[in-house]
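Novice: Heads up: the sequence shown begins at 1 in the UniProt record's numbering, then just goes up one per residue.
Mixed in with the good hints, there may be bad ones.
What the hints assert, rightly or not - With a straight-line Cα cutoff of 27 Å, these simulated DSSO-like cross-link-like pairs (lysine-lysine) come out: (1) 123 x 85; (2) 123 x 204; (3) 222 x 243; (4) 320 x 123; (5) 320 x 81; (6) 123 x 176; (7) 204 x 29; (8) 204 x 67; (9) 81 x 204; (10) 204 x 222; (11) 243 x 33; (12) 67 x 176.
Claimed, not checked - Label pairs and their computed distance ranges (CB to CB): (13) 115 x 156: 40 to 50 Å; (14) 176 x 104: 15 to 25 Å; (15) 94 x 120: 19 to 29 Å; (16) 56 x 216: 33 to 43 Å; (17) 266 x 82: 29 to 39 Å; (18) 118 x 265: 21 to 31 Å; (19) 265 x 77: 27 to 37 Å; (20) 316 x 93: 28 to 38 Å; (21) 133 x 314: 20 to 30 Å; (22) 47 x 187: 16 to 26 Å; (23) 75 x 195: 36 to 46 Å; (24) 65 x 267: 49 to 59 Å.
Bear in mind the hints are in silico, worked out from the structure with no lab data behind them.
Because the structure is a prediction, the values reported are computed rather than measured.
A virtual CB, placed ideally from N, CA and C, is assigned to each residue, including glycine.
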Amino acid sequence: MIFGAVLLSLLAGCAESVETPPPPPQFPKWQPKQPRPADRDEEAVDTALATLDLCELIDLAVYDRRKGGDTRPVERRTEVKRDRKQCSLFRGGYDLISVRDMDPSHLVLHRVDGAVIDLGGVKGYQTETRRMGGLDGCEITVPVSFERAITFEVGRASRSKDCGLLRDFATAGAAKLPRDLVYPPEGQDSARVGACADWGATEKGETCDPAVEVEVPTGAEKILAAGAADPNLECAVFRDAVKMAFGADFAPIATPGEWHADPNKTYKDHQLITFGESPGVTFRTQDDREFALYAAPLGNIDVRGHVRLRVVPEHERGSKDWDRRQVVSDLDVGNALAVMDFVMATHFRGPR
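Turn these sequences into a full structure, and let the hints steer you where they fit.
Specialist: Following this line, the structure appears as structure tokens:
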């Protein structure tokens, strides 16, 4: 993830002798404006799920095709775990496949972490987890509303196999769900609109809009004030630079700018640097999970008014490989420095 911001804030460690700057220009405070889609009728979805036999979603014909030479009998068994209904396919005392009514509080993370897949015309999210060189788990989530979903998961006896086995079961199971409960592969299955569906946050999207084009004012003071009021301005400042350095796949989104300091977080590689004529500072967290840059277009890093860029690597969508640490690479650092150089040269050169 890449976070760019122009900030009217104080960086920690300001000198006591700094004079109070004049008040910045004022701009209207941004609020999300794009309309949100309506969810399905909650009572109707609850009723449909309550009457659904999850064991019917485990297609034994799929098992017969994929069982290989194992002739041991299998059994579908209904269970209730953590107040959620589920059914598992057992063989020799071990579960092969499980289907469950997902806890609504987990659904937003499955949408963000999972890769969108087509289950025979039905939308699903697939997440494969790898650990110690092998498959540690696979889940496929089929949303049935903004808040509810059915999840297919490989069991302990299937951990040596890839997600292909589970996908066969999920495709057959999704075909048995009522058509008014599933979404097409491109269907709107959450309240998140546009690129906000890819936002790595646990919120439902009510505070996120896809960024819209806005005109960047002239002069550092006006840019900082406008950016503090409207995140679309921040996106406009960083859009071209991020696209050139990191690629065109990144889509800007507008969200409220709130910054909460963590008193327990420690940093390293603290370096003073210059971006054009503007002083700046860079640092990274001790675990190398985050790299941050601050530039001071007003000429003093210790006074109000900064441009910030923060880079945080994430797992590839649809795959969580716990054997590979997601850290900021030297290439990421070089790209981030190039972004800040471009932004300062393009928007903050000249009169303040």
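Novice: Next, verify each hint and record whether it holds.
Specialist: Now for the hints, and whether the structure bears them out:
no. : hint                  : result
1   : 123 x 85              : holds (22 Å)
2   : 123 x 204             : holds (19 Å)
3   : 222 x 243             : holds (24 Å)
4   : 320 x 123             : holds (20 Å)
5   : 320 x 81              : holds (25 Å)
6   : 123 x 176             : holds (14 Å)
7   : 204 x 29              : holds (21 Å)
8   : 204 x 67              : violated (40 Å)
9   : 81 x 204              : holds (25 Å)
10  : 204 x 222             : violated (32 Å)
11  : 243 x 33              : holds (25 Å)
12  : 67 x 176              : holds (21 Å)
13  : 115 x 156: 40 to 50 Å : violated (24 Å)
14  : 176 x 104: 15 to 25 Å : holds (22 Å)
15  : 94 x 120: 19 to 29 Å  : holds (28 Å)
16  : 56 x 216: 33 to 43 Å  : violated (57 Å)
17  : 266 x 82: 29 to 39 Å  : holds (36 Å)
18  : 118 x 265: 21 to 31 Å : violated (41 Å)
19  : 265 x 77: 27 to 37 Å  : violated (46 Å)
20  : 316 x 93: 28 to 38 Å  : holds (35 Å)
21  : 133 x 314: 20 to 30 Å : holds (22 Å)
22  : 47 x 187: 16 to 26 Å  : holds (21 Å)
23  : 75 x 195: 36 to 46 Å  : holds (45 Å)
24  : 65 x 267: 49 to 59 Å  : holds (54 Å)
In this structure, the hints that do not hold are numbers 8, 10, 13, 16, 18 and 19, in rising order.
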